Amino acid sequence: GKSIIYQLSGLLMPGLTLVIDPLVSLIEDQTRVLEQYGISRVLGVKSTTSSRMTAQLEQVQAGQFHFLMVSPERLQTAAFRKAIRALAQNTVINLAVIDEAHCVSEWGHDFRPSYLNLARNLRIFCRDGFGEPPALLGLTGTASRAVLRDLLTDLEIDPTIDTSLVKASSFDRAELDFSVL
Numbered sequence: 059g060k061s062i063i064y065q066l067s068g069l070l071m072p073g074l075t076l077v078i079d080p081l082v083s084l085i086e087d088q089t090r091v092l093e094q095y096g097i098s099r100v101l102g103v104k105s106t107t108s109s110r111m112t113a114q115l116e117q118v119q120a121g122q123f124h125f126l127m128v129s130p131e132r133l134q135t136a137a138f139r140k141a142i143r144a145l146a147q148n149t150v151i152n153l154a155v156i157d158e159a160h161c162v163s164e165w166g167h168d169f170r171p172s173y174l175n176l177a178r179n180l181r182i183f184c185r186d187g188f189g190e191p192p193a194l195l196g197l198t199g200t201a202s203r204a205v206l207r208d209l210l211t212d213l214e215i216d217p218t219i220d221t222s223l224v225k226a227s228s229f230d231r232a233e234l235d236f237s238v239l
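Numbered per the working numbering, the sequence shown spans residues 59 to 239.
Among the clues, some could well be false.
Unchecked claim - Lysine-lysine pairs mimicking BS3-like chemistry, simulated, CA-CA at most 30 Å apart:
hint: 1; residue 1: Lys60; residue 2: Lys225
hint: 2; residue 1: Lys104; residue 2: Lys60
hint: 3; residue 1: Lys140; residue 2: Lys104
Stated by the list, open to error - Now the in silico label distances, taken between C-beta atoms and shown as ranges:
hint: 4; residue 1: Val238; residue 2: Ala120; range: 14 to 22 Å
hint: 5; residue 1: Glu86; residue 2: Ala137; range: 15 to 23 Å
hint: 6; residue 1: Leu239; residue 2: Glu131; range: 42 to 50 Å
hint: 7; residue 1: Thr106; residue 2: Ala232; range: 39 to 47 Å
hint: 8; residue 1: Ile219; residue 2: Thr112; range: 39 to 47 Å
hint: 9; residue 1: Ser83; residue 2: Glu116; range: 21 to 29 Å
hint: 10; residue 1: Thr107; residue 2: Asp235; range: 20 to 28 Å
hint: 11; residue 1: Gly59; residue 2: Arg181; range: 35 to 43 Å
hint: 12; residue 1: Leu210; residue 2: Leu239; range: 23 to 31 Å
hint: 13; residue 1: Lys60; residue 2: Ile219; range: 14 to 22 Å
It is worth saying that the hints were derived from the structure and are not from the lab. Small disclaimer: the values here were computed from a predicted structure and weren't measured. Built from N, CA and C at the ideal position, the CB exists for glycine as well.
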C-alpha cells in the first residue's frame with residue numbers, strides 16, 4: 059500500500075521520482091511491479107560492472123527514466139552524485155522517497171551510516187536549477203513513536219508543521235479475522 063503513494067504521485071508530477079530502498083530485493087521487486095503496470099521507464103541501480111554503471115549513469119543524466127531506485131549508499135559515490143546533480147539541472151526530481159524510512163533510525167546509527175547523511179545528500183545533490191531541493195517523502199508502516207521522533211531529527215524535518223508527520227488514526231483492520239483454536 060505504501061508504494062502506490064509515491065508511484066501515483068510520481069506519475070502525476072513532471073520529472074523523475076528518486077526512490078531510496080534499503081535492499082536490492084526491494085529495488086528489483088518494485089522495478090518489476092512498475093514494469094508489470096506498463097511503466098517501462100524505471101531503473102533499479104544495483105552493483106554492476108564499471109562500464110554498465112557508466113552507461114546507466116549516462117541514461118540517468120539524459121533523463122530517460124520516470125523512476126530511479128537506489129540504495130542509500132549510492133548517494134555516497136562520487137559518480138552517482140555527479141550524475142544526479144547533472145540530472146537535477148535538466149530534469150526536475152519531483153520527489154525523493156525514502157522507502158522503509160524506519161531504517162534511517164534503526165539501521166543508520168548502527169551499521170548503515172549512509173542513512174544518517176541521506177536527507178542532507180538528497181537536498182544537496184538533487185537541487186534543481188533554481189537551487190530548490192525536491193520534496194522528501196519518508197514511508198514506513200513499522201515505526202514506533204521513538205523511531206518517528208528519530209526520523210524527524212535525522213531527516214531534518216520541521217515537526218512544527220502539521221503535515222510533517224502523517225500517522226494512521228487507527229490500526230483496526232476490519233478485514234482481518236483472528237481466532238484461537
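Hints and how they fare:
The hinted pair formed by Lys60 and Lys225 meets the criterion: a straight-line CA distance of about 13 Å does not exceed 30 Å. Only pairs whose Cα atoms come within 30 Å are accepted, and Lys104 paired with Lys60 is accepted, the gap being roughly 22 Å. For a cut-off of 30 Å, the pair hint linking Lys140 to Lys104 stands: about 17 Å separates their Cα positions. Between Val238 and Ala120 the CB atoms are about 58 Å apart, so this pair departs from the stated range of 14 to 22 Å.
Take Glu86 and Ala137: their Cβ atoms lie about 22 Å apart, and the range 15 to 23 Å holds. Restraint check, Leu239 to Glu131: a C-beta distance of roughly 46 Å satisfies the suggested window 42 to 50 Å. Taking the beta carbon of each, Thr106 and Ala232 are about 45 Å apart, inside 39 to 47 Å as hinted. At about 40 Å, the CB distance of Ile219 to Thr112 agrees with the hint of 39 to 47 Å.
Distance hint check for Ser83 and Glu116: the Cβ-Cβ separation is about 26 Å, which falls inside the suggested range of 21 to 29 Å. In this structure the supplied range 20 to 28 Å is violated for Thr107 paired with Asp235, their Cβ-Cβ distance being about 50 Å. Separation of Gly59 from Arg181 is about 27 Å and departs from the stated range, judged on CB atoms against 35 to 43 Å. A beta carbon spacing of about 43 Å between Leu210 and Leu239 contradicts the range 23 to 31 Å that was offered as a hint.
Hint check: Lys60 to Ile219, Cβ distance near 21 Å, so the stated range 14 to 22 Å holds.
Checked against the numbered hints above, the structure breaks hints 4, 10, 11, 12 and satisfies the rest.
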